[in-house]
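Residue numbers (numbering that gives the first Met the number 0), protein chains in the order written: chain A, 0 to 283; chain B, 0 to 382.
Honestly, the hints are just simulated from the structure, not real lab data.
Be aware that one or more of the hints could be misleading.
Said to hold, decoys possible - Residues of chain B clear of chain A, computed beta-carbon distances all greater than 12 Å:
| hint | residue |
| --- | --- |
| 1 | GLY77 |
| 2 | GLU81 |
| 3 | ASP201 |
Said to hold, decoys possible - Incomplete in silico selection of chain B near chain A, CB under 10 Å:
| hint | residue |
| --- | --- |
| 4 | ARG72 |
| 5 | ASP73 |
| 6 | LEU85 |
| 7 | ASN87 |
| 8 | LEU155 |
| 9 | ARG270 |
| 10 | VAL324 |
| 11 | GLY326 |
All figures in this text were calculated on a predicted structure; none of them were measured in a lab.
In this text, a Cβ means the ideal position worked out from N, Cα and C, and glycines have one as well.
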Amino acid sequence: MSMTQPLPVSPSAPPRERNWWVYVILLLVSFVALVPIVWIVLTALMDRAVAQSVPPQWIFTPTLEAFETLLTRYDMLLYMRNSAIVSVSATFFSVVLGMFCAYALARYEFPGKNDVAFWILSNRMLPPVAVILPIFMFFQTFKLLDSLVGLILLYTGMQLPFVVWMLKGFFEDIPRQIEESALVDGDTWFGAFRRVTLPLMAPSITATAIFVLILSWNEYAFAVFLTGAQTRTLPPAVASFIGGSDIQWNLLGAACVFITLPILLFVVAVQRQFVRGLSMGMMK
Amino acid sequence: MGQVAVTDLNKRFGSVAAVADVNFTVEDGEFLFLLGPSGCGKTTTLRMVAGLEMPSGGRIAIDSRDVTYLRPRDRNVGMVFERYGLYNHLSVFENIAYPLRVRRMSRQEIRSRVSAVAERLQIADVLDRRPGQLSGGQAQRVAIGRMLVRQADVFLMDEPISHLDAKLRAAMRIELKHLQRELKATTIYVSHDQLEAMTMADRILIMRDGTIQQFDTPKAVFDRPANEFVATFIGEPHMNVLDCRLTTEGARAFLQGDGFRIEVDPDWLARSGDLQRSDGAVRLGIRPEHIGVALPGEAGAEGAVEATLLTIETMGHQNAFAGDVGGTIVLARAAAYETRHIDGGEGRPILFRFDPRRIYLFDPRDGRTLAQAAAVSGEGRAA
């Protein structure tokens, strides 16, 4: 390209930057990330014959047949309800509990504080598979198998370390003086926490809650082992379409849309708050 | 309003004594300054009076109420923090109203009290804004407003204006002092800025390493410092201090140092009882404004100290001369019109005339003041 109008750049400036390769990389990454999603959505809209055809067809008449089958022949709505109950409750409990733990770790000096913090973190280091058997037996003993309460308890415990560590950092970013101000102004400890610290923490707590919600919503390993027909959550339900030699691709696609769509819509709705919460403390 | 009595106050952090055996009383309506370099324990002391830090020992009483271990809310003290004291998620109005809301006051009462305070502090037009939208001066007024809005027994201020720019700080100094006088509010103010302390305080408590160095009026700590630390901490530019020995020749007395000898009044030395115990080694202290400057050969130069001129700082009404006296840098300050003829010529010899009636003598071992300047020791308390 030839420039007719010279730009007001210094003659000794380095040559103009060429960034076209950035766009190439961006396009490549987006393509790799989006194609599977597009393909899942397309499959979900196929009828059974089209979905099974080899080679795959790109052009077809869309149908909601797969969704209809899922809703009528399989208890998809029940699973979704279970997933919603479990993840929302687990998120609520782990965030509320974790908030206080994080506050204590961020604000108070006590012996063994760092050990406690590390121990909490270490709970996340073990892969779920390693503890599935003991937890199964534990659930058996306490009659928690095949119950939503059991799953809620487990997820709450599982997400606690994550919540504590996320929020600990955010609490540490909130200057102590602001709470001390409230104390001198005549407030109680809890009053200062509720009226001053929590409102300032709201974006961070929201972001953490969203994270935990997604993690709980997608949890698979424990859900497979610890739930039964009535208490199944979405991830094992979706996976059950893969079993056997005859995979119904259109049903699987529709199930994937089922499990992804709510969380996707949710994240799109709260994304601004999410980003704000995560970047809090970074901008000072 | 109240009187604050602090008795044998101690605070240890692990093995470190942050505050050691501090005693003082702030009278009703008095403006007290806790002054000292950073880490001297002044802020810790203030925080213990506020109840944000629990003492390791001692007693704090407000109006003879023992508040030593009470929670902050039960003490009825107001406090302004250096920074971060405002609630950023609340409007200015709600910030000022906070102490009243906590006390469950009626809506009308809160409204009228907040607007009265806002009126007084000239922030009535920003009541709807958030703290983030305020200038530094306005934000600090809001913090002060929150302290004024309720009838606190004692006002506590922790370096409230030290992060403002110089011009605003000067204006706030006057305002704060005026406000304190008008409200007759017992106030404890923490600062590391001796200028703030000198201009605003009724009395100054100077601290260092957790202990009290001197507790007196601004004039007294300036004129009759208890030790070398106080003498050099108060005053800007700070006092020159030089090592020397006391010598006598018959009836005459001299201070003999590296590269200088100054004759002093033997009667003055005789009056200072402390000197008898010293072995003759002393540290001479003199403020820059009490050193005259002359060129060699000028009239009235006899008895002056020879120095090598290092720099001249022109400050408009005054000139500051830094000279090397036997390896020590000595600063002298003189009116511009008197020293107009000394211009430039760094490295040339110059004469410093120490005013013998303005000389202090300190103990080189513990810094104690051995002899107060003759020109001030006559007034008030004996040196």
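Outcome of the hint check:
| no. | hint | result |
| --- | --- | --- |
| 1 | GLY77 | violated (7 Å) |
| 2 | GLU81 | violated (8 Å) |
| 3 | ASP201 | holds (23 Å) |
| 4 | ARG72 | holds (4 Å) |
| 5 | ASP73 | holds (9 Å) |
| 6 | LEU85 | holds (8 Å) |
| 7 | ASN87 | holds (7 Å) |
| 8 | LEU155 | holds (8 Å) |
| 9 | ARG270 | violated (49 Å) |
| 10 | VAL324 | violated (46 Å) |
| 11 | GLY326 | violated (46 Å) |
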